[in-house]
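Undergrad: For reference, the chains in residue letters:
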Amino acid sequence: MTTLHAVFDKARAEDRAALVGYLPAGFPTKDGAVAAATAMVEAGCDVIEIGLPYSDPLMDGPTIQDAVHRSLTNGTRIADVLRTVEGVAKSGAATLVMTYWNPIDRYGAERFARDLASAGGVGTITPDLTPEESEPWLAASKDAGIDTVFLVAPSSPDERIARVAGCCTGFVYAASLMGVTGARESVSSAAEGLVKRTRANTALPVCVGLGVGNGAQAAEVAAYADGVIVGSAFIRRLLDAPDEKSGLAAVRELASELARGVRR
Amino acid sequence: MTATEGSILTPADLAGNGVHGNDPDIHGKFGIFGGRYVPEALIPALDEVAAEYEKAKTDLAFLREFDHLLRTYAGRPTTLTEVPRFAEHAGGARILLKREDLTHTGAHKINNVLGQALLTKRLGKRRVIAETGAGQHGVATATAAALMGLECVIYMGAVDCERQALNVARMKLLGATVVPVTNGSQTLKDAINEAFRDWVTNVDHTHYLFGTVAGPHPFPEIVRDFARIIGVEARRQVQELTGRLPDAVCAAVGGGSNAIGVFHAFVEDENVRLYGYEAGGRGAETGEHALTLTEGSVGVLHGARTYVLQDEEGQTIESHSISAGLDYPGVGPEHAWLKDTGRATYEGVTDAEAMEAFALLARTEGIIPAIESSHALAGALRLGRELGPDALILVNLSGRGDKDMGTAMKYFNL
Ligand SMILES: Cc1ncc(COP(=O)(O)O)c(C=O)c1O
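Sequence order for the protein chains is S and L. Using the UniProt record's numbering, you'd call the opening residue of the first sequence number 1 and step up by one each time. Using the UniProt record's numbering, you'd call the opening residue of the second sequence number 1 and step up by one each time.
Only chain S is shown next, with the shape it has when bound in the complex (with noise of 0.2 Å):
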């Protein structure tokens, strides 16, 4: 198992941004989304979220919306993202689960980080669990050894983001933008910012996600951010592909592509 710690000390060696990736289980069906990640991982994604489905993602745009709603259609439930994970973790990449609060919940904190930490996973990334709310989710994870990745965002001033980054372990996720998922044209220039601020408040790594799309906008975000975090732009690939098999190329070239501009 490879814990984001290694992965962001052999990245520091390297000297360049670590690669995150995102994909909901179950998408675009239960075996396809565990080849889409594998093939990611195999072109240079050095993490990979497994997104958890949920019924109602209020911090998503259109593509991930879509891809999450197939996913539930197509029956997927917990039991599958954990088998998810499994298959994922077993290609080398540190994985972890990004869910609203609510599936965790219910399905009991304690279990969760543990059935997690069996199946492979390294931890989570909660994006509506707030500080004033984390402790039982800190906890349990705590005892189930695995890392807790909460946002910050541009609004966020500086008291916030100590708060905030004061929950997690393994990373910190700055939300480039005021908004919900999606690719843009181009990076928000509040991130730059945002990282700065975040760094002067945490000596944990600090990822950038939302927006981030291409080759280009990887290499402008991994000059001054620790990871370089894409998804929309991943599930894009796979919406468009015909079939499968050319779905599966496209992630395979997208994550190539992604892999050469955390490297520029």
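One or more of the hints may lead you astray.
What the hints assert, rightly or not - Listed next, the stretches of chain L that the computed footprint assigns to chain S, with coverage defined by at least 3 CB atoms under 8 Å from CB atoms of chain S: (1) 43-52; (2) 96-110; (3) 312-321.
The hints are simulated quantities; they were obtained by calculation from the structure and are not laboratory data. Just so it is clear, CB atoms sit at the ideal spot from N, CA and C, and this is done for glycine as well.
For this one, chain S is given, so just place chain L with the ligand on it according to the hints.
TA: Structure of chain L with the ligand alone, referenced to chain S:
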């Protein structure tokens, strides 16, 4: 806190810290319920709204302006109407209706909207967004936006746009942009998701004018306080008319704003029983209902811990109700708390029972109620038969039924 001369509102009428026993704590918690489960990007905006509201609620100038609008624009105080011919069907209990249907725009929603529109101006924001189910909150928001010169965008489930087409036209006429939401169940829950997505993108100049007592802190508290005038007036009016307090207060519960609005002034009156009626849809046993408090379980939806219709893995289950305004799988956290503490009782009323009460009030009293409010009327009929002829029951008639004529025409073959 004394009443301002000639005013219908005092700072105490907006509740506030320590004035009433059941305010949420600083994290917006009512017991274990409420709080904030939202993207971090929204925290500063929620803090800003909360801070501005804290200042506004004790600012006499703000209260005077709100009071003035409630009187001269919304048409407050609303009257209390006794309905003896309707009450004959309730075992002879005495039934009094609080007539929120007579407010400008035709539902209780206008109270909260005027308060939050004033707050929007204090926040220096020029654009408001809102979700709407029945369209009443959307119409009220579009109305206040027109009045105050604010840009207005309303998110409404595509299914609701169809069944409340009249309200869509009203919003457009009032100058609002109506965005039909086509994902998920295409009803209120999805409209709320979409409004949050807009808010996180445009938060620097936009206020999310939330329409019910659900959502993240401070919305449950703010919306309650602005709706609280309903119960404050009704409590006084019932006493003036009958010389006593009611035995029971009945209200329909969607997100819970009209119910909290009428309940809150009675919470400390231990002998007044509080009854909330949820949409039973086609019946609890069919699974096609919006019985969040009576059939749901504790979880997190739309930023708050509360009762939720969800499966065993925390996925939201789509609700069903003939009434768009009650068709919601969540509920305000204060109701969750009132339920768990036993202070209020929540029951279901089916589509059929509600439509029967809808027609009955029209025929016996010449009042066409909203289908939402008809759930409270049906509940009062049931309760009256239980409590007997000496009972005095106050019902919040939260809105009028004009918007529901399309549904009624189909249902009754009119
Ligand atoms: C007339 C009327 N009553 C009740 C409701 C339900 O909302 P709440 O439970 O917040 O009062 C609505 C919502 O649209 C409504 O229009």
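Undergrad: Could you run down the list of hints and mark each one as holding or not?
TA: Hint check:
With 3 residues bearing a CB less than 8 Å from a CB of chain S, the segment 43-52 of chain L meets the requirement of three and the coverage assertion stands. Taking a C-beta to C-beta cut-off of 8 Å, the segment 96-110 of chain L contributes 0 residues in contact with chain S, too few for the three needed, and the coverage statement is violated. Look at the segment 312-321 of chain L against chain S: 5 of its residues bring a Cβ nearer than 8 Å to a Cβ of that chain, three or more, so the hint holds.
Violated hint for the displayed structure: number 2, the only one.
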